[in-house]
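Undergrad: Each chain, letter by letter, is given below.
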Amino acid sequence: MIRFLRFSLALYVCVIVQTVFAPSMAIVGIMPDLPFLLTVLVALREGAAAGAVFGFVSGLFVDLGSAELLGLTSLANAVVAFVVGSLAERLVREARLTQVVVTLLATALRDQIVVLLLQPEGLGGSLRVLAVSSLPRGIYTGALAPLAHALLRRFAPRTRELGRAKR
Amino acid sequence: MSASPGSLSRRSEYLVLSLIVVLSLALMFLSADGKDAAVRALNGVALAPVQAGLSGVRALVGLRAENDSLRADLMRASLEIAALREKSLEAERLRAMLEFRDLFPLRLRAARVIARGPEPITSIVGQFLIDKGERDGVLSGMAVVRPEGIVGKVVRSSETYAVVRPLLHPGCRVSARLVRTRTVGILGWDNEVGLHLTFLPYRAEVSPGDEIVATGLGQVFPAGLPLGRIVKIENDPLHGTPRAVVEPALDFASIEEVFVVLRLPMSSAAARGPDARDPAPGARRSSAPGGAAGRAGAR
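Here the protein sequences line up with chains P and A, keeping their order. With the first sequence counted from 1, adding 110 to any position gets you this note's numbering. With the second sequence counted from 1, adding 84 to any position gets you this note's numbering.
Derived by calculation from the structure, the hints in this document are not laboratory data. Remember, predicted model here, so these are calculated numbers, not experimental data. Just to be clear, a hint being listed does not mean it is correct.
[Said to hold, decoys possible] So the derived list for chain P, only partly shown, Cβ under 8 Å to chain A, looks like this:
1) I126
2) L174
3) G181
4) F265
5) A266
Using N, Cα and C, we set each Cβ at its ideal position, and we do this for glycine too.
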């Protein structure tokens with residue numbers, strides 16, 4: 111339970127950092143998506159159901175601060191986190207490459223869901239969003255995944271990790 | 085919610101997802117109908133105050149960088165203004181020189197002062213180099229002038245540059261005439277007296293404020309061009325004649341552009357005299373021919 115409280119606190123910090131400091135972190139106008147990065151990492155660590163709930167909450171935070179429909183990002187984040195969590199057991203979750211690639215793909219998938227729900231533009235529109243926005247942001251966000259994962263492990267370690275650390 | 089993946093049954097996980105999907109869709113419908121104000125108010129409570137506080141901190145942190153950037157911009161702008169002011173002054177000077185060239189019926193070659201020699205012990209102004217030489221027709225002995233008056237003469241000329249000896253030099257003497265009385269004398273430099281007019285007649289009518297122009301005798305300096313203004317009358321102890329201390333017409337320290345008189349037409353000098361016309365802007369018109377001008381000339 112404490113761990114999930116810590117996740118919530120981390121999410122809150124991520125949302126604040128995203129909304130206040132992300133513009134300063136922009137590279138060629140591309141900003142990382144920190145709340146979503148945390149969602150993917152939580153889904154990888156905690157599984158499908160926990161990931162979906164976390165995705166819903168993180169999406170809700172994003173929606174609250176935007177002018178878009180409330181629930182839109184919540185739904186997209188939850189679905190993607192559920193997919194990531196479902197696949198987690200079959201992945202080498204501790205591998206950095208896994209974290210980077212999963213974050214990149216998850217970002218692309220989440221954006222496609224949002225585009226589909228918000229403005230069905232057909233295949234052309236989706237591909238444009240993918241090329242112009244999703245992939246660059248996914249690459250940037252994915253590049254931060256190993257660092258974020260390491261921080262998350264220290265901040266909210268699982269029982270097994272704690273035991274390993276004590277040994 | 086479980087602590088580790090796989091601890092919930094697959095069915096439970098799908099149930100959780102279904103609930104979330106339903107909740108999200110409900111929120112979307114509410115939002116589409118504009119009934120999401122209560123939920124959106126959460127933003128004002130949970131996020132906005134912290135965001136506002138941190139934005140202030142970020143702004144403070146960014147203030148120094150912005151300040152530095154603005155200072156750099158200010159410096160750049162100041163330099164640009166200074167450069168533009170310099171260009172403007174240069175354009176003004178060149179315009180005056182163009183007007184002078186149009187008014188003055190001589191073959192002139194415009195030149196820039198490119199270097200100044202050290203100030204010699206015998207003078208307050210050193211010789212200076214101009215960027216025109218023999219290749220441009222500038223030869224030793226030619227007069228160097230400006231719209232305001234006579235500068236000096238070329239004393240050495242090479243292929244691409246020439247050395248000018250200014251009026252304020254012991255080696256430069258000019259036949260000069262008082263505009264008011266037409267009295268002629270020799271203008272020269274002396275380290276003790278400064279610029280002065282000598283060889284004046286015993287009973288010469290000279291008074292402070294009188295303007296002096298070149299006579300044109302000697303075929304070097306154009307007639308009528310200003311040389312200076314008398315500031316004091318003394319007695320020349322060497323010759324026992326009056327001697328007039330002269331304030332030069334030019335500020336020699338700030339000369340940047342000059343004209344070299346390439347060829348002085350016969351008509352513009354002694355033959356015609358300065359009375360024919362008032363060649364230089366600002367120079368007073370002469371009214372009578374020179375008297376004892378024969379002995380005076382440029383050396």
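Undergrad: A closest beta-carbon separation below 8 Å is what the hint needs, so does G181(P) meet it against chain A?
TA: With a closest approach of 3 Å, the G181(P) hint holds.
Undergrad: With 8 Å as the cut and Cβ atoms as the points, is L174(P) at the interface with chain A?
TA: holds, 4 Å
Undergrad: Less than 8 Å between beta-carbons is the criterion; does I126(P) satisfy it with respect to chain A?
TA: Hint on I126(P): holds, closest Cβ of chain A at ~6 Å, below 8 Å.
Undergrad: Can we keep the F265(P) interface hint, with Cβ of chain A closer than 8 Å?
TA: violated, 16 Å
Undergrad: Per the CB criterion, is A266(P) less than 8 Å away from chain A?
TA: violated, 11 Å
The structure does not agree with the numbered hints 4, 5 stated previously, though it agrees with the rest.
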